[in-house]
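Colleague: In order, the protein sequence lines correspond to chains A and B. Going by our numbering, the first residue of the first sequence is number 1, and it counts up by one from there. Going by our numbering, the first residue of the second sequence is number 111, and it counts up by one from there.
FYI, nobody ran anything at the bench for these hints, they're computed from the structure. Mixed in with the good hints there might be a few duds.
What the hints assert, rightly or not - List time: in silico DSS-like cross-link candidates among lysine-lysine, alpha-carbon distance up to 27 Å:
hint: 1; chain 1: B; residue 1: K212; chain 2: A; residue 2: K67
hint: 2; chain 1: B; residue 1: K212; chain 2: A; residue 2: K70
hint: 3; chain 1: B; residue 1: K176; chain 2: A; residue 2: K97
hint: 4; chain 1: B; residue 1: K165; chain 2: A; residue 2: K97
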Amino acid sequence: GEDVEQSLFLSVREGDSSVINCTYTDSSSTYLYWYKQEPGAGLQLLTYIFSNMDMKQDQRLTVLLNKKDKHLSLRIADTQTGDSAIYFCAESPQYGKLTFGQGTILTVHP
Amino acid sequence: GAVVSQHPSWVICKSGTSVKIECRSLDFQATTMFWYRQFPKQSLMLMATSNEGSKATYEQGVEKDKFLINHASLTLSTLTVTSAHPEDSSFYICSAADRVAKNIQYFGAGTRLSVL
Numbered sequence: 001g002e003d004v005e006q007s008l009f010l011s012v013r014e015g016d017s018s019v020i021n022c023t024y025t026d027s028s029s030t031y032l033y034w035y036k037q038e039p040g041a042g043l044q045l046l047t048y049i050f051s052n053m054d055m056k057q058d059q060r061l062t063v064l065l066n067k068k069d070k071h072l073s074l075r076i077a078d079t080q081t082g083d084s085a086i087y088f089c090a091e092s093p094q095y096g097k098l099t100f101g102q103g104t105i106l107t108v109h110p
Numbered sequence: 111g112a113v114v115s116q117h118p119s120w121v122i123c124k125s126g127t128s129v130k131i132e133c134r135s136l137d138f139q140a141t142t143m144f145w146y147r148q149f150p151k152q153s154l155m156l157m158a159t160s161n162e163g164s165k166a167t168y169e170q171g172v173e174k175d176k177f178l179i180n181h182a183s184l185t186l187s188t189l190t191v192t193s194a195h196p197e198d199s200s201f202y203i204c205s206a207a208d209r210v211a212k213n214i215q216y217f218g219a220g221t222r223l224s225v226l
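This is chain B alone, in the form it adopts within the complex:
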């Protein structure tokens, strides 16, 4: 089946530093990737939609300068949390839509970010 690799799985950083999270589709091409944020015991909140070769589309209330998204190839999207603060601590999950079966999103295992 389709596999989405997300790295790192857990990161702890100091306040004010930047953290980059990678999302790769391993065995399929993904023209569209999505970034979600999940708070404990809550549902997933879509942060942004990332299309290969173009700028990401951010959901209302998500700061694009805070959460930088780059989708450089059909298999890789990155999310950079800039100048992280404790309130950015969360579980971040990416998904990738198959280029052919566009209605199916496959999810990465998530990245737990803890900002001290």
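Just chain A, same shape as in the assembly:
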């Protein structure tokens, strides 16, 4: 079945860049997503990328996709303390069911 893996923790200093990595196994993945979850809250869609794209940039966020290696990354430039949260990578074959990674806890130190 589908599997999505993420590293569990990332700690960075305020102002540095953060890179969160994700690998997936389903070669039929059509869409790949990054969601952010703050404590006690639901998930906020940060960005998504279609599988025929290599990169997508949106303000401080850059998503890189290596389809050959089934590797997805999220880079947050100029990381702020407000970026501290859990970041989930997810994939979907087309419409519907999302398969999530375990989530990466990002901690930003002043």
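Dock chain B against the given chain A, drawing on the hints supplied.
Modeller: Then chain B, alone, in the frame of chain A:
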């Protein structure tokens, strides 16, 4: 942006009672809504997929008689936890897929259920 409202945000109930959680898409129509369960410090586990006007599709291991799902309109789905027990205590999150942009799921803020 698209908003999904989930209500209540927190509920405490006695063992044996039933609890209903509502999920509404406020500014878009959602033919499909999803219900997830999240345990502390864990990822989201899909419980069921709900399509407007039809029966929900449950994931393996999820008891459909325990977790009743109704998707009565294009903007509302409800999850009822029947005869709740302490092991049902969890964080329940719904999402709604835009009828037009079907690949995008927007999430509610979640409901924390505590069963005493």
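Colleague: For the pair supplied as a hint, K176 (chain B) and K97 (chain A), confirm whether the alpha-carbon distance does not exceed 27 Å.
Modeller: The hint holds at about 21 Å.
Colleague: Does the structure keep K165 (chain B) and K97 (chain A) at a Cα separation of 27 Å or less?
Modeller: With Cα atoms ~16 Å apart, K165 (chain B) and K97 (chain A) stay inside 27 Å; holds.
Colleague: Does the structure keep K212 (chain B) and K70 (chain A) at a Cα separation of 27 Å or less?
Modeller: holds, 23 Å
Colleague: Please verify whether K212 (chain B) and K67 (chain A) have alpha carbons no more than 27 Å apart.
Modeller: Between K212 (chain B) and K67 (chain A) the Cα gap is close to 22 Å, so the pair holds against 27 Å.
The structure is consistent with each of the numbered hints, conforming to all of them.
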